[in-house]
Amino acid sequence: MAANFGRFLRINLSSGEIATEAVPEQVAMDFIGGRGYGIRYLYEELAPNTDPLGEHNKLLLLNGPLAGTSAQAVSRWMVCTKSPLTGAFARSVCGADFGAWLKFAGYDFIIIEGKSEKPVYVHLTAEGCQIQDAGELWGKDTKETQEWLEQCYGKNTRTACIGMAGERLVKYAAIVSGRRTAGRCGTGAVMGSKNLKAIAITAQRNVQLHDPTTYNQLVKEQVNLIRNSKGFQNHKEWGTTRTQDVTNDLGMYPVQNFRYGQQIGYEKITGAEYRKFRTGEFGCYSCPARCGKAHLVKTGPYAGAYSEGPEYESIWAFTGTIDSTSIEATIAADQLCDDLGLDTISTGSCIGFAYELYEKGILTKADTDGLELKYGDHAPMIDLVKKIAMREDIGNLLAEGSMRAAASIGKGAEAYAMHVKGLEIPAYEPRGAKTHGFNYATASIGASHCYGYSRQDVFGAIEPRPSDRFAEEENADLVVYNQDGTAWKETGIICSFASGWDWIPALYGRMLAAARGMEQLADDDHLLRVGERIFNLERVFNVREGFGRKQDTLPRRMLTEPLHTREAPGEGQIVRNQDKFLDQYYEIRGWTKDGIPSPRKLSDMGLDYVVSDMTGISNK
Amino acid sequence: MSVEIYIPQFLQHLANGVDVVEVNGRTVGECLNDLVKQFPQLEALLFDKKGKLVELLNVYINRESAYPEELAKPVNDGDKLQIMYTLVGG
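Protein chains in written order, with the working numbering: chain A, 1 to 620; chain B, 1 to 90.
Just chain A, same shape as in the assembly (with noise of 0.2 Å):
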């Protein structure tokens, strides 16, 4: 393989120890980077039913085999652990620098271990690493936290900190990085409980290739491929701010905790209201679309408020949840999770399940300290972003996720909590693009648009067929497509917007090949077989943990209660053949009716070597 690939950090923070190790040949051939090496190194290392917030649990941040390179949007990097939220597998991404950054210093990825005794953060250089003392940084917000850690090693230094979020263990607690968060699954959780604040890179550009002229001359198509993308031309010119347009108009917006599917007055939060606000655009390491707008408040009582969002997501967080039309206080509460480093889906649904409690009197002003949850009203949802950090009042019950302050609550407080396995539901509701909800179902990390994303439900693309967005069980193979799709991107860690922009598969393959010598990189049907590899043993890794069909499923409210669409169509929509739908998707998956995988699809992967662990396990 070419230097610079192949090599990790391993990091006691219980002992002090720092290592490089050596990544084989063949789990590179097997795995090829990012997200492949995530499951196939926790899977390896981590115990089952291990803590997700004991020093046992590991937190590998990742990057893939093309950054810190000249190829566009692969420049990404993820956080692999278990999951405090929901003690599945947990996978998170993020953009910025800091991908690149981690290939400059020399590494695919860093496995950090232990738990240190007090406060540390690390500083890594190509020449060295240091685990450092930070009392000085603990309390401190991201911004500060990395504006010290730059004015201490300068300029050429990027980030990756927990806000006081992480410090306090929240469970859906973030990892940030610039103005970027690996969101979901509370990494911020995990890597606060190790007592570790930051990890800082200081290093230049250094990244050698095994053919740099075949290279170079694969990166040019792929940028000529990529001007002529109409997909890439709007995202240039929108970033995601346009996205509520369309799931408004067809009825898959979820407002107040999803029992609508349109919200009233979505005119006033669409992408040309929030142009009004945009001060500046921001982009990650190699990526020509600079699709991160800043917005700015200038008046009112958020003025002030600042983001480098908020992304489609987030603008949903803290509009359709509680039912909100405010694009300032959606700013304003967007700027508080990237200080307090917080997970903007979860934290936004977690209020709106606080919102609905409150109208039904599960909740009363006794619980909420006075504050009175009623839809429509965005002051109490400020107030209750940062008592989630702080773990204050009802905050600190909010804090625990809603399937946890759920059980906590009872009163048939359960039936409200809108979330797959732990993991809150994000911006797309399930009864609307049914294809995109049973990947919520399924995916290993609980409910996440991003892990089988159905670009055929919500914008109606063509590959590798169009679909019935109401459709179920007919679907069942478009959710693995999808799925297995995206593994295998993700071990690039390739830009999920940038995978729609006419150039993937073509060149991604070839340009592994020629950046690590591997010839069989370039084979497509390799990639398929990785992702399709990925994807099995973070099954097996969930089953290991407990994990199942009985887990495999949306809230009763999608299988039972009708979405109302107000103007948009879809009206009535249930969930009604989950059942049916497991069944066939577990059939193409080759896992048996209980959602595990079979001993000849464990082999078929190659992964012959984990049969053993699914011998006797049952779905309890």
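What the hints contain is simulated information worked out from the structure, not anything from laboratory work. Remember, it's a predicted structure, so these values are computed and weren't measured experimentally. Careful: at least some of the hints might be erroneous.
Calculated pairs, BS3-like style, for lysine-lysine (alpha carbon to alpha carbon, straight line, at most 30 Å) [said to hold, decoys possible]:
| # | chain 1 | residue 1 | chain 2 | residue 2 |
| --- | --- | --- | --- | --- |
| 1 | B | K73 | A | K220 |
| 2 | B | K37 | B | K50 |
| 3 | A | K374 | A | K298 |
| 4 | B | K49 | A | K268 |
| 5 | A | K276 | A | K115 |
| 6 | A | K593 | A | K580 |
| 7 | B | K52 | A | K268 |
| 8 | A | K276 | B | K73 |
| 9 | B | K50 | A | K276 |
| 10 | B | K80 | A | K236 |
| 11 | A | K276 | B | K52 |
| 12 | B | K73 | A | K236 |
With the hints as your guide, set chain B onto chain A.
Structure of chain B alone, referenced to chain A:
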């Protein structure tokens, strides 16, 4: 020139629920104009005030993007056109 247009689900309610429509035209633009003649309610969703294809939609010819200058792209007898949003997620 006989061409089929596949109507995406999000537009079918404006095309009498039909998912495939046969149209005539030598270019993508002519084909879409023929579609609009058959289903006039589609016009406002397909074309902007300047007569261009709206920003959020793209047209594919036999699964290949017709962008840029979509409306001017020539089509052949038997070609299949598809319409989809250009947005990629969020």
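Structure-inconsistent hints, enumerated in ascending order: Per hint list: 5, 8 violated.
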